[in-house]
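> Chain by chain, the residues:
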Amino acid sequence: MKNPDQPILKTAKLHKSYGKKTNRFEALKGIDLAISRGESIAIIGKSGSGKSTLMHLLAGLDKPTNGNVYWSDQSISRMNEKQITNLRNTKVGFIFQQFFLQPTLTVLENTYLPLKIAGISSHNRKKLAKEALKSVDLLDKSDNLANDLSGGQRQRVAIARALINNPEVIFADEPTGNLDSETGKQIIELLFSLQKKNNITLIIVTHDEDLAKKCDRIIKISDGKIIK
Amino acid sequence: MRTLDYISTAQTNLLRTKVRTFLTILAFVIGTFTLAMVTAFSQGLRSYVNTQLSAYGQPNAIIVSLGSASNQTGPNGIPYYQPNRQSTITASGPRGDKKTASYTLNQSDLTKIKAVPGIIAAYPDYVTLAIDYAQYGNLPKYIMDVQGAYPTESIALAAGSFPTISQSTGIVIPYTYIQAFGANSASQALGRTINIQVTSSANQPKIYKAVITGVLPNTAHQPGAYLANQLMSSMVQYQTGTTSQFTNIIALANTNVTKAQRLSLKTAIQAKGYRATTYDDIIANFNQPLSVVSAGLTGFAAIALLAATIGIINTLLMAVLERTQEIGLLKALGMRRKGITFIYLVEAASIGFWGGIIGVLLAALVGYVANPILNRTIFTGIGSAHLLTYPLVYMAGIIVGAMIIGLLAGTLPAIRAGKLDPIEALRHE
Ligand SMILES: Nc1ncnc2c1ncn2[C@@H]1O[C@H](COP(=O)(O)OP(=O)(O)OP(=O)(O)O)[C@@H](O)[C@H]1O
Ligand SMILES: [Mg+2]
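Line order of the protein sequences matches chains L and V. Using the working numbering, read the first sequence as starting at 1 and increasing by one per residue. Using the working numbering, read the second sequence as starting at 1001 and increasing by one per residue.
Since the hints were made in silico from the structure, they are not lab data. These figures come from a predicted structure and were not determined experimentally. Be aware that one or more of the hints could be misleading.
In silico lysine to aspartate or glutamate, EDC-like type, Cα no more than 20 Å apart, as pairs [stated by the list, open to error]:
no., chain 1, residue 1, chain 2, residue 2
1, L, K116, V, D1005
2, V, K1338, L, E81
3, L, K63, V, E1424
4, L, K20, V, E1424
5, L, K126, V, D1005
6, L, K20, V, D1421
7, L, K63, V, D1421
8, V, K1419, L, E81
Extracted from the complex, chain L is given alone in its bound form:
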């Protein structure tokens, strides 16, 4: 039985340094953080403060120099490559500023990519991708190439792709960074409504004050440390 009060994500004295010796740069200087299931969190801070670095460590895309990231009490430094990739594949959804859709694939194919990686049958992944596309209101574009879509539509496909594996946590790094403010607002509304509906933990890295205020909690990072 999962304890609902137990944080889904936790860090302890998280340090991350890049480079060696004289070039050594400490991007994160001891981050302690606990995030509950279903919570929405905004990570804000100046450029270069370490927001993306923190997100990458939380998502297991990178390894900390010191300290630990725990997923429901399981330290990901202890996991092997197979376990970490499996964690990302089944429990995590990503939304990027640059969308990262594959231009030569159709909207449907882009959407079911995580399921294809997971080895889900063609029939099932198509069915699930259609449901996900329906939830972002893009079902009618299923067979279009990703290249043919507008920026807002692309980000909606990315959201559908992030949702398709029914993730516990969605990481969004500047999801509105490449969108005009009106489209950005729509994307945010969509993201929050889907997050509430599916009780997903949402971690957004952003510069956008309005977006940050919509989250349950704001974490401000400066110079590799949490200051608020």
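Dock chain V with the ligands against the given chain L, drawing on the hints supplied.
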């Protein structure tokens, strides 16, 4: 990902850069096509040569000649000279010319060879018999080479059969003599009696009658006519005055003798102080240069394939570079290092596969077009057989080999792709 997804993803990826993929495959096709043609040619030539040779020797016959006494030989197996084993007889040949022959074997040798276990019969080989002419009815007189026919002769004839023991005057004529003996076809020639003139050492001509029992196959080079052993003996007796001396002995084993058994028979005969030449020696004589030539041609094909391999490496390195961001995404979305590597390996193997298939099919097409032409022009007399043959196993081998070469070439780029760091890859422009 599922295996089928890997394969279809690889094909889709290859189609993303159509021209580049096409050129890479084309480079491969040059190699596999050459290889397939070399194989087709050398396989075809081998069977062509074997067909031709089958008119000359039979697998169960061993040609025996004098060697060193008591199995002693000089360096490299050269026999020592044995005094008192030579006698010379001069016989009249066609047009009155004289033929001188040295005889080294006699009846006691024949007895010894017959005694070798596994040898079921042995006959003198009168290689020196020279007839004056052969003639059918009032048709012109023709020169003809003759040789003895031994029981169990296994050449597949165009018509008829080899003379049996009771057909003591039988003859098997070369295919090219059909018209010379007034017939229009091989089967029409059967049963005709021809006259053969032999001149004795005392210059006295004599006519022998021979009945055609068979016609040799239509091979490119025709051996002489085969005479029934008895007829041959009496002609030799008349011409040289003796049948008790000869140069060679034909020793016969069972018709179903294996290659290994032929070798041990050869050894047994050699141990008695003779030299022995088996069917395999004759074949090897022809096949050896053939093998050398095909090995050389295969070498050229290998060089072409090597160049194509570099093409694959290059193509895939470029693909990995171009798709760095995509690789980063796949990793972020939970694809393992192995999986990424595998995608690129499958892509490399696919290039090899398509290169192999296309090369082999092109080669088969060339054969389809060229074989009938070759049969009509240069390589006549092989019937419906083809000079260019494409054994399925070899062709499949070429395709599989091409895939393996592709895989090997793809290893470096594929491993490199697998090793990419997801964050850096995603940041890559
Ligand atoms: N691979 C790396 N090698 C060296 N330094 C790095 C590397 N990645 C990040 N950094 C440095 O770490 C610091 C934090 O980077 P990070 O990308 O986390 O910043 P950020 O808060 O996301 O900034 P932005 O808002 O501009 O995206 C920066 O100073 C950056 O230069
Ligand atoms: Mg950032």
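> All hints, please: hold or fail.
Hint by hint, here is what the structure shows:
{"no.": "1", "hint": "K116/L to D1005/V", "result": "holds (8 Å)"}
{"no.": "2", "hint": "K1338/V to E81/L", "result": "holds (10 Å)"}
{"no.": "3", "hint": "K63/L to E1424/V", "result": "holds (13 Å)"}
{"no.": "4", "hint": "K20/L to E1424/V", "result": "holds (17 Å)"}
{"no.": "5", "hint": "K126/L to D1005/V", "result": "holds (14 Å)"}
{"no.": "6", "hint": "K20/L to D1421/V", "result": "holds (18 Å)"}
{"no.": "7", "hint": "K63/L to D1421/V", "result": "holds (11 Å)"}
{"no.": "8", "hint": "K1419/V to E81/L", "result": "holds (12 Å)"}
When each numbered hint is compared with the structure, no violation occurs for any of them.
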